[in-house]
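Asks: Okay, here's what each chain looks like letter by letter:
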Amino acid sequence: MNDTFPCVGDDMYSLAERLFPINRSLTGDGVRQSLGILSELVTGLQVHEVPTGTSCFDWSVPKEWKIREGWIEDPNGDRIADFANCNLHVVGYSTPVDTVMGLDELQQHLYSLPEQPDAIPYVTSYYKERWGFCLTENQRRSLQPGNYRVRIDSELFDGSLTYGELKLAGDSEKEIFLSTYVCHPSMANNELSGPCVTIHLAKWLQAMTQRRYSYRIVFIPETIGSIVYLSRHHEAMRKNVVAGFNVSCVGDDRVYSYLPSRDGNTLSDRVAKHVLHHTDPDYCRYTFLDRGSDERQYCSPGIDLPVATVMRSKYGMYPEYHTSHDNLDVISPSGLQGAFNAIAECIRCIEQDCYPKSVMPCEPQLGRRGLYPDLSVKGGADSVREMMNMIAYCDGKKSLLEIAEIIDAPMSRLTTYVKKLVNASVIETQSEKF
Amino acid sequence: MNDTFPCVGDDMYSLAERLFPINRSLTGDGVRQSLGILSELVTGLQVHEVPTGTSCFDWSVPKEWKIREGWIEDPNGDRIADFANCNLHVVGYSTPVDTVMGLDELQQHLYSLPEQPDAIPYVTSYYKERWGFCLTENQRRSLQPGNYRVRIDSELFDGSLTYGELKLAGDSEKEIFLSTYVCHPSMANNELSGPCVTIHLAKWLQAMTQRRYSYRIVFIPETIGSIVYLSRHHEAMRKNVVAGFNVSCVGDDRVYSYLPSRDGNTLSDRVAKHVLHHTDPDYCRYTFLDRGSDERQYCSPGIDLPVATVMRSKYGMYPEYHTSHDNLDVISPSGLQGAFNAIAECIRCIEQDCYPKSVMPCEPQLGRRGLYPDLSVKGGADSVREMMNMIAYCDGKKSLLEIAEIIDAPMSRLTTYVKKLVNASVIETQSEKF
Amino acid sequence: MNDTFPCVGDDMYSLAERLFPINRSLTGDGVRQSLGILSELVTGLQVHEVPTGTSCFDWSVPKEWKIREGWIEDPNGDRIADFANCNLHVVGYSTPVDTVMGLDELQQHLYSLPEQPDAIPYVTSYYKERWGFCLTENQRRSLQPGNYRVRIDSELFDGSLTYGELKLAGDSEKEIFLSTYVCHPSMANNELSGPCVTIHLAKWLQAMTQRRYSYRIVFIPETIGSIVYLSRHHEAMRKNVVAGFNVSCVGDDRVYSYLPSRDGNTLSDRVAKHVLHHTDPDYCRYTFLDRGSDERQYCSPGIDLPVATVMRSKYGMYPEYHTSHDNLDVISPSGLQGAFNAIAECIRCIEQDCYPKSVMPCEPQLGRRGLYPDLSVKGGADSVREMMNMIAYCDGKKSLLEIAEIIDAPMSRLTTYVKKLVNASVIETQSEKF
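Protein chains in written order, with the UniProt record's numbering: chain L, 1 to 434; chain R, 1 to 434; chain V, 1 to 434.
Treat each hint with caution, since some may be false.
No copy is singled out in the list; a pair is fine if it fits within one copy or between any two copies.
[Claimed, not checked] Capping the alpha-carbon separation at 16 Å, the derived lysine to aspartate or glutamate pairs in EDC-like fashion look like this:
1. LYS66 with GLU129
2. LYS203 with ASP11
3. LYS63 with ASP29
4. LYS167 with ASP104
5. LYS398 with GLU428
6. LYS63 with GLU129
7. LYS397 with ASP263
8. LYS128 with ASP374
9. LYS433 with ASP395
10. LYS63 with GLU155
If you are wondering where the hints come from, they were derived from the structure by calculation, not from laboratory data.
Full structure from sequences and hints, please.
Replies: Structure (structure tokens):
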């Protein structure tokens, strides 16, 4: 594996720009169109369609939703809340409507945010048939009494739910799992950052000459998509997945965040905490009680996959979340690159983890191997101290990741020592405990 | 079981008023009289008599003590420290005396509290024969030189030690154990609060239509009484008792307190901490090193019962303790009711604890069962979040109490969710791990 | 064993004065001479010689080093940096040299400490052949351009490495291990305090009429000496050593310090922390990452001995360390005695540790044995409380050391209670769990 990661911040940002205008929802052509664009970057991204009504655990695949237009015409004949201008204006999964009503009746179909008066909220109604419009609080306050024409040209029909899946074979059948979602309309951090970072991680992994683990990478609608996917694959996944990451909200520059798996101490959790500690010691730590994305399914009782989440600003915790303000200004090439690096480093730590063991009792004589200063001066040996600390714990029972935690050093640096010391026949390594 | 607890604060306080004047000691008619009054509230309270000299572990039952009168006549012929006015005036278990002596000699038989000059201390001498008087420091300082007549008309004789025992059968032979003491003369928080709360807990338990556990409830003299009781029943108790509470100092309004079992992590401890955390997060936490009541015996090596203590102001920690100031002004109906509720809630948590398990993998679809909001709005799902958090841990391996701890919610609320979700066939429960 | 320790502070200090001028190194006559002086204090100190070139794990015994004289003659013909004045002036293991050179060339062979301008540093070059001089920064700055004659009359030759070993038999084959080093020239805290305290501990142990454990006490050159010793004895030591202490930097008065074994929770660690907590609750706690002496070998993977270190000011952490300032002013009789007491107390705790068990269930009746006050007064029983706390944990499963930790009392005091209570047939003890 490479020692540094590809610089793909600009590529990820451009990809987000291209995907931004598409109207994604739980189902429908927006998802298909987005997966089509993503599949340009890698080989072998499979697109699956699951018919409406298919049963999956306690759920079934919903109807497919299609919308052609949606707007309100005010008493002056001006169009407001026009879906053509912003796809957040229509409540997701709105049923069709074409009628005229007074302002009072209309109000019951309007959604706005009094505390964020210039933001259009994002609202959906997946499981109850209704229609509605979202608009800014300021716009709503300016509405005058009178007759309003409302029109949503939409359709709910037996179609299918669409998701993408990419599998990369590795030396082992054991898998690392990545999951991201494609189901929100025009929002940047809480939608597009996920697939943009994930497809570039996939591209990076696909370019590797050797992978220790196999990879399972999915692009799904949130919640129902993960339930559908698990209903088909949970047995194989429970058997093979050694670590997994839900890739969500990975685009802005403000902070790094970590949300644990339900177990809290899986390999994914330990490696995520390790990497974030060395990326930014002040990263935000959440608990599983703060969950809100597909870890809800992946970590549910009976599924119990080791899935943790490494984010930038977490969903629900930044002001632009689930509004029209979560636009391309919120994310940046460097924000995306930071998240890419953190998750790629998590993956690299897992790929390179091993059980190192000193070949001989007592400290090795590094001096005659050119690995130790030959003069003992006060304070002189500081530069090799970290390597000596690592060797002190190479007892064949502790993994390199555990050692990295004990001596508080980044695993990326320990990996370079391991290479040197294996070459010098001072330590040997195994993938299992000695 | 009921969802709310009976309002018995006034009843408990009245009972304390009635019991207050009686002169209780380790043995004797004061104990018998008190048990007689308590037995009016429940059916089946058995009174046992254990003869003086009966051997029990390292101890033997002491002589019975009877006192008819006790006073000092000062040089002016005025009676002071008269037992008839306050039964704390005579040192407990005083031998008889009727003589005249000078002030200097008398001083060696007097007890007072320099730092609490208007309080009569409570002093006993159970295991060495002596006599003495207790009086206020102020009174003592006013004594003039001269001849004092001292008279204690008491008797130490082969009689018996008296205790009360109530057993309530439940579905299981496994028992919950309650212990309180009846051996102090006129003191309120550190004596009468215990039997008053305990007898009302017994009445509440007796009125239940169904009990999962059996109950063993004892009213005993402290220390020697618990040793006597254990010497007769410890084998059955070690086999059956799943949880127990020593009921002591449960009458005032100032604070809630918790003293752990020796083990510190028994079911009693976990449930006591849970209930007190939700009753008053600032409750006083003691350690087993602060012990001072019958948990000393119940938790001793070789006995090891899971007995924890839930109190209001702990013995030894409030200024009126073991003095005449621990009177009926210290306790109150609301103080007694607060303790009643806390211990009753502990019992209810144990009765209702179970292992809940999600019927299906992944989150259940609560929406179609009317248990989840059908519109996804920013910040909208907060009201069902706690129930979803509970479900996320219903893996069949964690008890409801453990889940309550993880999600930091009162078990009483989780119990209502469990009922709903069992009815909706979303979870199932067992009394053991799945 | 005695209840108090011998007052040997002055003896230890005098011994340090006597050993101070000797030029010790990894090998050579300085070590032999020092061991000769130490062997005057005890019977049976064996001196071993291990030939140059002997293989030991990853290392081999180095050549022996002998130095007769070493000095620089400045352009004025004045001798500076003369080994005869201070044996720190010549870099340890310097090869012979006798030549004239300019100041610029000389500078490359000089060592000084800019931040401590009046201290001569201590420098060695054990594993690369070179020569050099150490001097104060002030002296170095005063050197004028011109020709300097440098002369070191030394020799590196096939000889041997010398160490001392004392074995004391005890009732058990299980051993307590003490290790200290004799390999530094004239330095006091970081050299002589170690052998001076250790030989007096040996003398104290030898004088005991009965020892539960056997003792293995070694005086070795640091690092290579412990590696040599382990290569010969590690199998027996791994089988028998139950606790061990590296005795280093035990002479000054400033502070107490603790450095754990690699495991961190061995008997040595637990007892060291216990004793230091009761010696000075503010003692300095280091981690194994701060290690720097022979615990590096004793605790290395594949050796894993339970060796902890109890120090006064730790090597590397006090300003005089590894300079000419670490002289006899740094250490003191009281500093040495404090360390002696701490380590002796660690040993005594191990010797006296046991599993106490109450003979009967419930609390014993101490009153009738004269061990409990016979009058119950408010606050009266405080003086026996600690003993009662101990008894409360005498369940036959917890060692006296564990009980001392739980009730936060010094084990020396608990030992006196144990004696009383065993005599009173209240508890019994075993060396293993009941």
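Asks: Which of the listed hints are broken here?
Replies: Those not satisfied come down to hint 4.
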